[in-house]
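Residue numbers (the working numbering), protein chains in the order written: chain A, 189 to 430; chain B, 128 to 372.
Each hint should be verified, as a subset may be incorrect.
Covered by chain A, per the in silico footprint, the following chain B stretches (three or more residues, Cβ under 8 angstroms) [unchecked claim]:
1) 264-274
2) 303-312
Here are the in silico distance ranges between beta carbons for each label pair [said to hold, decoys possible]:
3) B:LEU264 to A:HIS398: 25 to 35 angstroms
4) B:SER304 to A:ASP247: 51 to 61 angstroms
5) A:MET189 to B:ALA266: 50 to 60 angstroms
No more than 20 angstroms apart at the CA atoms, straight line, and that leaves these computed lysine to aspartate or glutamate pairs for EDC-like [what the hints assert, rightly or not]:
6) A:LYS413 to A:ASP370
7) B:LYS281 to B:ASP265
8) A:LYS413 to A:GLU394
9) A:LYS290 to A:GLU266
10) B:LYS281 to A:GLU276
11) B:LYS281 to A:ASP370
12) B:LYS152 to B:GLU270
13) B:LYS281 to A:ASP287
14) B:LYS282 to A:ASP370
15) A:LYS290 to A:GLU310
16) B:LYS282 to B:ASP265
17) B:LYS282 to A:GLU394
18) B:LYS282 to A:GLU249
19) B:LYS282 to B:GLU270
20) B:LYS308 to B:GLU353
21) B:LYS152 to B:ASP171
Bear in mind the hints are in silico, worked out from the structure with no lab data behind them. The structure displayed is predicted, hence computed values, not measured ones. From the three backbone atoms N, C-alpha and C, an ideal C-beta is built for every residue, glycine too.
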Amino acid sequence: MRLEVDIAGKTFRNAAGEQHDVIAGVAFALDAGEVGVLVGPSGCGKSTMLRILSGLDPDFEGRISRPADARIGFVFQEPRLLPWRSVEENVRLVAPQADEAKLSALFEILELNAHRNHFPGELSLGLARRVALARAFAVEPAFLILDEPLASLDAALAARMRDQIAMLMDNRAMITLLVTHDVDDAVRLGDRLFLLSPRPARLLAELPIHTPRGTRGEAEIAAIKLDVIRRINGDPSARESV
Amino acid sequence: MPRLLSFAVLLTTWWIGSLLAGDAKLPPPPTVLSAMIAEARSGDLFFHLGVTLARVALAFTLAMSLGSAIGYLMGRVRLADRLGDPWLILLLNLPALVVIVLAYIWAGLTEVAAIAAIAINKLPTAVVTLREGARALDAALDEMATIFALPRWKKFRHVVLPQLSPYVAAAARSGLSLVWKIVLVAELLGRPNGVGFEIGVAFQLFDIPRLLAYSLSFAAVVLLIETLLVQPFEARLSRWRPRAA
């Protein structure tokens, strides 16, 4: 199983009829079991790219090949839960095949057991995000997409959720694509980083990380982060070494 | 408790009104009550109420189901909206009386004509309300359902219907009150039974206690159905919403 992406261009027409280039050229490939991370400044077209990759937006130039009929798990930036269904119902609805043991394991890791019968309107953003995570993992996806799952959370909570996500990703051989503007999250969670330019998005560099996620030391993480930041900021000596 | 109090105020006002206006124009509550009891004893009251209720139920169900379907279609499909809109505006502004009279002329003084006329009067408001609801459907949730490959029926039931339910409730509420009002006119003009027919007879005989007896029994039934059926249903639909203080 492999995801191959070659988006040559994507333009939007706004209400006034003006054309905007959102994506100028992004090509990469990702194997099952790998976590790819799209890193780029806010508004660079990352979310648009996810809509294209997930099949929501077929209107672009280029080509995508992903496993046919692959089950997709999507964690949207705003959680997109059904407000009129409880936490548990929200998860069960999309994953009718998940049995009780699997669900309780999932709820256990994400610390949601106490909230099973709550309605989404009663949850904080952090909790609602975790429900969205539970929903995406419950379908046992072949292709998992995470759109800024840690944005606008306080640092401590974001760190805890990052560990939970890492734990959930470890046991599964799926294609995972994470979108973030946070370099730290990218380096700690990803296996392969794709650095994007500001809008219209171009692929600046592809950066594989060879050490497995669990065994990366703080020194190594800091070194990779420094490298990423230099490349994003367009340091010419860094770009030549790609 | 406040409801009881408000009912007592109504009764007192009525009684004082009848003292001021005289028995002939506004009979006091006991007179009307005894007329009501007499009609109930003979069985007439329940027969006519039953007939009227059956017409309301049929016309309401017909108009709601058809109106919801058309409204949803017009809210989702642009062409349907374009085609249906002139008809909708025409129907919305057509006086109830015109519809009823024409129905009786074209379809005869029949039950079908009466129910169709009532339903046609209610239909456009249901269409307008549901069209608004269908337009307001959340595209983000729609995308979520698409991504997670929810089957069509599940998506309709768990994603679409809950979003439409406040609109359905609003259409039912306003539609029911409209039907209550129109059914009596339809009966008065062309049916040999029902509360509307009885009120017509009482009007011709100037039998005001009987007129009030039927009107108030009818009002009591409406109130009962609203409190026991419509309001609990609305409360159930909105149980996930945080309560207003």
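**Study point:** Pair hint B:LYS308 and B:GLU353, alpha-carbon separation not exceeding 20 angstroms
**Key:** holds (15 angstroms)
Check your understanding: Holds or violated: A:LYS413 with A:ASP370, Cα cutoff 20 angstroms?
Key -> holds (10 angstroms)
Review point. Is B:LYS152 close enough to B:GLU270, meaning Cα to Cα at most 20 angstroms?
Key: Status violated; Cα separation ~64 angstroms.
Exercise for review: Take the C-alpha atoms of B:LYS282 and A:GLU249, compute the straight-line distance between them, and say whether it is at most 20 angstroms.
Suggested key: violated (30 angstroms)
Check your understanding: For the pair supplied as a hint, B:LYS281 and A:GLU276, is the alpha-carbon distance within the 20 angstroms limit?
Key -> holds (16 angstroms)
Check your understanding: Has the given pair, A:LYS290 with A:GLU266, been kept, meaning a C-alpha gap of at most 20 angstroms?
Key -> The given pair, whose Cα atoms are some 25 angstroms apart, is violated under the 20 angstroms limit.
Practice item. For the pair supplied as a hint, A:LYS290 and A:GLU310, confirm whether the alpha-carbon distance does not exceed 20 angstroms. Key: violated (24 angstroms)
Review point. Does B:ASP171 lie within 20 angstroms of B:LYS152 when you go C-alpha to C-alpha?
Key: The given pair, whose Cα atoms are some 24 angstroms apart, is violated under the 20 angstroms limit.
Point to revise | B:LYS281 paired with A:ASP287 [C-alpha distance capped at 20 angstroms] | key: holds (19 angstroms)
Review point. Residue count check for the stretch 264-274 of chain B against chain A: does it reach three with CB-CB under 8 angstroms?
Key: holds (count 6)
**Study point:** 20 angstroms limit on alpha-carbon distance, applied to hinted pair B:LYS282 and B:ASP265
**Key:** holds (13 angstroms)
**Study point:** 20 angstroms Cα cutoff - pair B:LYS282, A:GLU394
**Key:** violated (39 angstroms)
Violated hints, in rising order: 2, 3, 4, 5, 9, 11, 12, 14, 15, 17, 18 and 21; the structure is consistent with all others.
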